[in-house]
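What follows is each chain in one-letter form.
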Amino acid sequence: MADYNEIISQYKDLEGGIIEAYHAIQREYSYIPEEAVAAAAAAFNMPKAKAYGVATFYSYLKVGKRGKNVIRMCESAPCHVAGADKVVAALEKELGIKVGETTPDGKFCLELTECVGQCQATPVITINSKPYGDVTAEKIPAILAEYK
Amino acid sequence: MAEEMRIVLRNYGKIDPLNIEDYINAGGYKSLEKAKAMSQTELIDEVKKSGLRGRGGAGFNTGMKWSFSYGIKTDQKYVVCNADEGEPGTYKDRIIMENDPQSLLEGMAICGYAIGSNQGYIYCRGEYPYVVEKLNQAIAQAKAKGVLGDFNIEVRMGGGAYVCGEESALIESIEGHRGEPRFKPPFPPVIGLWGKPTIVNNVETFVNIPVILEKGADWYKSIGASSYPGTKVLTLTGDVNNRVFVEVPTNTTIREVLDGFGGGVAGGKKVKAIQIGGTSGGFIPESLLDTQLDFDSMSAIGATLGSGAFFVMDETRDMVDVVDRIMKFFEHESCGKCTPCREGTHRMHEMMERLNHGHAKVGDLDSLERLGTVMTKACLCGLGQAAPSPVLTTLKHFKADYTAKFN
Chain A
149 MADYNEIISQ YKDLEGGIIE AYHAIQREYS YIPEEAVAAA AAAFNMPKAK
199 AYGVATFYSY LKVGKRGKNV IRMCESAPCH VAGADKVVAA LEKELGIKVG
249 ETTPDGKFCL ELTECVGQCQ ATPVITINSK PYGDVTAEKI PAILAEYK
Chain B
65 MAEEMRIVLR NYGKIDPLNI EDYINAGGYK SLEKAKAMSQ TELIDEVKKS
115 GLRGRGGAGF NTGMKWSFSY GIKTDQKYVV CNADEGEPGT YKDRIIMEND
165 PQSLLEGMAI CGYAIGSNQG YIYCRGEYPY VVEKLNQAIA QAKAKGVLGD
215 FNIEVRMGGG AYVCGEESAL IESIEGHRGE PRFKPPFPPV IGLWGKPTIV
265 NNVETFVNIP VILEKGADWY KSIGASSYPG TKVLTLTGDV NNRVFVEVPT
315 NTTIREVLDG FGGGVAGGKK VKAIQIGGTS GGFIPESLLD TQLDFDSMSA
365 IGATLGSGAF FVMDETRDMV DVVDRIMKFF EHESCGKCTP CREGTHRMHE
415 MMERLNHGHA KVGDLDSLER LGTVMTKACL CGLGQAAPSP VLTTLKHFKA
465 DYTAKFN
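Keeping their order, the protein sequence lines are chains A and B.
Counting the first sequence from 1 gives a position; the working numbering is that position plus 148.
Counting the second sequence from 1 gives a position; the working numbering is that position plus 64.
Hints are computed from structural coordinates only; laboratory data are not their basis.
All figures in this text were calculated on a predicted structure; none of them were measured in a lab.
Any given hint could be a false lead.
Said to hold, decoys possible - Not the full set, but computed from the structure, chain A residues with beta-carbon under 7 Å of chain B:
(1) Ile167
(2) His171
(3) Gly201
(4) Tyr206
(5) Ser207
(6) Tyr208
(7) Ser224
(8) Ala225
(9) His228
(10) Cys263
(11) Val264
(12) Gly265
(13) Cys267
What the hints assert, rightly or not - If you want the footprint, here are the derived chain B segments under chain A, 3+ residues with CB under 8 Å:
(14) 148-156
(15) 210-223
(16) 227-239
(17) 294-305
(18) 379-391
Built from N, CA and C at the ideal position, the CB exists for glycine as well.
When you get a sec, could you build the whole thing from the sequences and use the hints?
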């Protein structure tokens, strides 16, 4: 795994590039380690509080450890009426965790999200940003098997 | 029956989006050449004359916007494409960028020439990393081919903040800050990215530009509704038989879209409401479905065209439940900068949740209406100003769904 300091150094000369750096770190780690926020603050020459404020403003970015494979269930109105609650229940049952938690083996975490822009096939989940449409409770085990 | 008309999606399915030769063979980059043979003011006048209005939701005259930046003498100006498509039920910009990225680059380069800018940014939402990849490939091909001249384009990723669709919040985000809207005026065409004049246009707006140059302002002006000419790309979701995207002239009616392209309501049920323009759009009852889609016709019925999302709900849907979900969205997405929005979205969701679960307090409906009205006037940006719309329009058209919760 690439060190977050190396990743940050690739972006430090990019004007306003802290968000790009955070994205790059998250691609590597699946989250942004707390220490990486302090490192980014130093590289982009801003107070830690500000770097932390930026990282936590954006819901797509996550500061602090979470599961390797990030499962996100869309709960915006079109997915809501298409039965998002049933899919969430099925995901919780299959993974043995609640929304916001990570599985004990660290493989999966489950989150809710707003619209991911795949509304031609509601309800939608994403795993590591890859969309899966027309998801039903029955399809969950097969989808998760791809990541086990 | 209404016919589809593809201007924005003219190359959809006809070219390989990741092969610039295909785009060039289809006439691509001829409009940029044509634009550069005109003076900047002639070009801006042509865009103004076409009547093209912003497709991101605000509906401002595009050529007029460009003229504000053109008139300023400064060392640097910027062209920014708003591809932070976060409006629930909307995926039109993704369809456009995935299938015809070069059209977007050409539209931005034309804008760059018009206002005197050599630097563009595409701010693409973080949820679309696969689109970002395609855009970067398209930009690399355009650079290698030299078609953009001295105009440079860079992609920046959003971070899942709905408020960044607001242009000054988007600019803050490109600068590497929290995406909080700025006080206006000054507006971005005058003082924008890094304090320089900046044109922020939606993906769909830019993609219209090469065609307007190719076929002329008069041709464009003659399509659709005269006050909001051209076409609009719509995305159909919810209880509709065909969950598809379509591009139609702006004088098409809501009913024509529902029946003609959506194939009617799913399961043979009746339509109860359609929410158009995204999650902040008004709820439109069956009795108003013969309204034209254009900006002004929609405003006249208290609705919006917005992003062109077309969310259909059948007769069995409980409006209070749907609006409860929507207000949770706004509570979550409010950036917290201004009090009317931060507190208002929280309180509106609190009341909607109570109502939805049968625990409403006496006076909640009046408080919702009063708070919603205050927010439309007092909130700093469009997010807070539009957030009460689903509540206010359902209170107006679907009061029975609310009163049923008191029984």
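Hints versus structure:
1. Ile167: 6 Å, holds
2. His171: 5 Å, holds
3. Gly201: Nearest chain B Cβ about 6 Å off; hint holds.
4. Tyr206: Holds, about 3 Å.
5. Ser207: 4 Å, holds
6. Tyr208: With a minimum Cβ separation of about 3 Å from chain B (threshold 7 Å), the hint on A/Tyr208 holds.
7. Ser224: With a closest approach of 4 Å, the A/Ser224 hint holds.
8. Ala225: 6 Å, holds
9. His228: 5 Å, holds
10. Cys263: 4 Å, holds
11. Val264: 5 Å, holds
12. Gly265: 4 Å, holds
13. Cys267: Where the cut-off is 7 Å and the nearest Cβ of chain B is about 4 Å from A/Cys267, the hint holds.
14. 148-156: Per the Cβ count (7), the hint holds.
15. 210-223: holds (count 4)
16. 227-239: Check passed, 3 qualifying residues.
17. 294-305: holds (count 4)
18. 379-391: Three-residue rule met by the stretch 379-391 of chain B, so holds; n is 4.
In this structure, every one of the numbered hints holds.
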